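The residues making up each chain are set out below.
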Amino acid sequence: MESNHKNQRAVHERVRGLTIMGLENSVGIGLRTSHCERFLDQNTPPPVIWLEVLAENYFDRGGIRHKMLSMIAERYPISVHGVALSLGSPEGLDSEHLERLASLVADVSPCLVSEHLAWSRSGEVYYNELLPLPLTDETLDIVSANIDRTQDRLGRTILVENPSGYLQFEQSTMSEVTFLTRLTERTGCGLLLDVNNLFISGFNLGIDTAEWLSMVPADVIGEIHLAGHEHGGTADQPLLIDTHGAAVTEEVWALYAAALNRLGPRPTMIEWDSDVPSLEVLLEEAARAQRIMDRVLVA
Amino acid sequence: MLLQLQRTFAAHLLEGKVKGASPDKLRVDALGFGIHANNTRVSLRRAVENAYPVTRRLVGADFFTAMAGQFVASHPPNHGWLSAYGADFADFVAQYQPAADLGYLRDVARIEWARVRAANAPDAPGLDLTALARLDPEALDGLLLNLHVAASLVYSPFPAFDIWRVHQHDGDDEQLPQIDLAIGRQTTLISRPVALEVGVALLGPGDAAFLSTLAQHSPFGAAYQAAVSEDTDYDLASRLGDLVRMRALATFTA
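If you're matching them up, the sequences are chains E and D in order.
Add 487 to a position in the first sequence, counting from 1, and you land on the number used in the working numbering.
Add 66 to a position in the second sequence, counting from 1, and you land on the number used in the working numbering.
To be clear, the hints were calculated from the coordinates, so they are not data collected in a lab.
Keep in mind that a hint or two might mislead.
[To be verified] Footprint (simulated), chain D over chain E, 3 or more residues, beta carbon under 8 Å:
hint	segment
1	536 to 550
2	575 to 587
3	602 to 611
4	615 to 621
5	694 to 707
6	715 to 727
Keep in mind it's a predicted model, so treat the numbers as computed, not measured.
Where a beta carbon is used, it is the ideal one built from N, C-alpha and C, also for glycine.
Here chain E stands alone, though its shape is the one from the complex (with noise of 0.2 Å):
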């Protein structure tokens, strides 16, 4: 019963936040170091609706990238993507992490907060990796725990993002789309759809994506992103690595449009955050991610 309360709630608000933002239909990018100086740019600003940055580059309050980031913030709606909370840590949250992230968020105004089904942290040491987790009641209940007390710092609800899966826990009880959607449930918590995450644990670990896309209750996606992938692994054994550092392949555009005719127009980010290639690359890449929901719109 309150799940159900806190579920409405959350939905509630995603689309209030949107519409209010007026990115409900729209593409933005991540934003990169190489390319602030771009955003910043009086007389010809890049023609992109909103920006999304990693929180944990923003973490100094002070110093000269969080000056960029708040100057930008002033032009363009910022969405805040969270790599490191370790949401899956039955070890809780590090305080200093989630206030920190706290900080940000008041200082940007976010119109979206995302972060990981994954763990980073075990112990002292921060392993700067989406760690992979089993499946469990167990885990349902620490990762529901983490990201409660996320939420009600923050004051708002948050996304949290599909991984991109390598290997599979025999302990695990159930599949990713119910694990997420019971967490939806459990939590009012969004989903942040990566499309290249699904595709590739399509590939790697047999997770039937088609499957996926019908069971996942669409209004509690509230973003998708795009990626590039790299092939990797063993002649007998190949699987794809997300690299977020190539163009997103023609398999993963296709899924992106079977991902929208399933759940309706979302709005949708280019991630690409190694080998950074110049600014119009990836609004070469946000036009294409346009056009294909500009057709979902119109149908």
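Given the coordinates of chain E, work out where chain D should sit on it, guided by the hints.
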């Protein structure tokens, strides 16, 4: 149960020697585990590389990869934000045996870390010369001034500033001017003179003595004496103007 699983998983992320080995107890796919282990090591090493580009140029990419890899394994980060990661790399470099004959390497690394610090330091006002001018001579003499929160001094027995300066860009090493190590000691000031820029400047002997004495919490008068003993012509009024422009000193409360 999840707690124990993560401890076992984590214990092998940084120390695994064989590519593709996964902890027996986890019964997870070795290749998949190897991707996480590799991502962990490479991403942390890149974080160090990003902070120390000149150090990397000085030793070459392969040497640096090995050195940074050992640093990452022995000094993994404790926080999920990496702007503070790598602070102790210069000390690591100083005791890294294969680099033992590059005495200046640690000091170049210290300059690089001071730049990271300067870029990320909180915004704070610098010393206001008019406030200084209002003090009577006795008060000025006993005044304790701190370095600005974004400012650092790097003293080196080597010409570390010159070495740092000529290696700013990737390029053909043969084109670079040779630095004569016999030039000897140099003190470098790293600071944030304006909101969006880090400055790196070589200090003259007088400025170096003046600022390092203040940084050791000795009063203004003693700092001036130290400057004059290094440089008998030390012109305090004009030098203070330059140091304030570089935002080397913090504001004070009288």
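Which earlier hints turn out false for this structure, listed by number in ascending order?
Of the numbered hints given earlier, the structure breaks just one, which is hint 5.
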